[in-house]
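Peer 1: So the protein lines, in turn, are chains P and V.
Each number in the working numbering comes from the position in the first sequence (counting from 1) with 418 added on.
Each number in the working numbering comes from the position in the second sequence (counting from 1) with 157 added on.
By construction, these hints were calculated from the structure, which means they are not laboratory data.
Just so you know, even glycine gets a beta-carbon here, dropped at the ideal spot from N, CA and C.
Where hints are given, some of them may not hold.
As the list claims (entries may be wrong) - Label-pair distances were calculated between CB atoms; the ranges are:
no., chain 1, residue 1, chain 2, residue 2, range
1, V, K199, P, E477, 20 to 26 Å
2, V, R267, P, L501, 31 to 37 Å
3, P, S475, V, A158, 16 to 22 Å
4, V, Q202, P, N481, 26 to 32 Å
5, P, V430, V, Q202, 22 to 28 Å
6, P, T421, V, H196, 24 to 30 Å
7, P, Q480, V, K199, 50 to 56 Å
8, P, V433, V, K226, 45 to 51 Å
9, V, K199, P, S502, 21 to 27 Å
10, P, V433, V, S264, 26 to 32 Å
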Amino acid sequence: SQTIHQWPATLVQPVGSPLSLECTVEGTSNPNLYWYRQAAGRGLQLLFYSVGIGQISSEVPQNLSASRPQDRQFILSSKKLLLSDSGFYLCAWREAASGANVLTFGAGSRLTVL
Amino acid sequence: AQSVTQLDSHVSVSEGTPVLLRCNYSSSYSPSLFWYVQHPNKGLQLLLKYTSAATLVKGINGFEAEFKKSETSFHLTKPSAHMSDAAEYFCVVSPWGTGRRALTFGSGTRLQVQP
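Looking at chain P on its own, in the form it has when it is part of the complex (with noise of 0.2 Å):
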């Protein structure tokens, strides 16, 4: 079966910080995979959508950066972290050959920044 996988859980960032979170996927082959953030009394926002090894495309300018170095691994960046950055961090996956367009979510990641 699948897993998706996405780590840390939660971490608290000064200003100006780097960041990196890291997302896999486990019992697929070349998925789709999503960056989505989730701020404090808002729904979900669309950051970064893959559909394959080093093809990322940016759904709205920001800080944030994301990259996939390998096909099952999603890794979401910030190079100087702002106070706006701070929220819920969501990675998922999708099988690239469904039209059902099922996401399938990770635990997320909670980012305070200070």
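Since the structure of chain P is provided, determine the placement of chain V on it from the hints.
Peer 2: Same frame as chain P, but now just chain V:
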């Protein structure tokens, strides 16, 4: 173009009473529709999905939803609320089969269950 509107940001019910969470959508294509649930500080879990088969869809934990094309609605219901149902619920719309990024999330409905 597509959009989804969750008509209530908060719903409060008593344990044992019915639950109704409302969702209206618009889509230029035949849509797929989903409901996800999120417990505090957790990821989103799929409750149920509609993908152009039966219009009444049964999901996990006793939830179900009915796709009504004429009303462009996909309301989530449960006959009897349980304390563990307290969570945030998201309605999601997507055109069938287009994949990639084409999912639109509603703003969420927070369900409170009173003892």
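Peer 1: Confirm or reject each hint.
Peer 2: How the hints compare with the structure:
1. K199(V) <-> E477(P): 20 to 26 Å: With Cβ atoms ~23 Å apart, the hint holds.
2. R267(V) <-> L501(P): 31 to 37 Å: violated (25 Å)
3. S475(P) <-> A158(V): 16 to 22 Å: holds (19 Å)
4. Q202(V) <-> N481(P): 26 to 32 Å: holds (29 Å)
5. V430(P) <-> Q202(V): 22 to 28 Å: holds (26 Å)
6. T421(P) <-> H196(V): 24 to 30 Å: violated (18 Å)
7. Q480(P) <-> K199(V): 50 to 56 Å: violated (24 Å)
8. V433(P) <-> K226(V): 45 to 51 Å: Holds, at about 49 Å.
9. K199(V) <-> S502(P): 21 to 27 Å: 23 Å Cβ-Cβ, so the 21 to 27 Å window holds.
10. V433(P) <-> S264(V): 26 to 32 Å: holds (28 Å)
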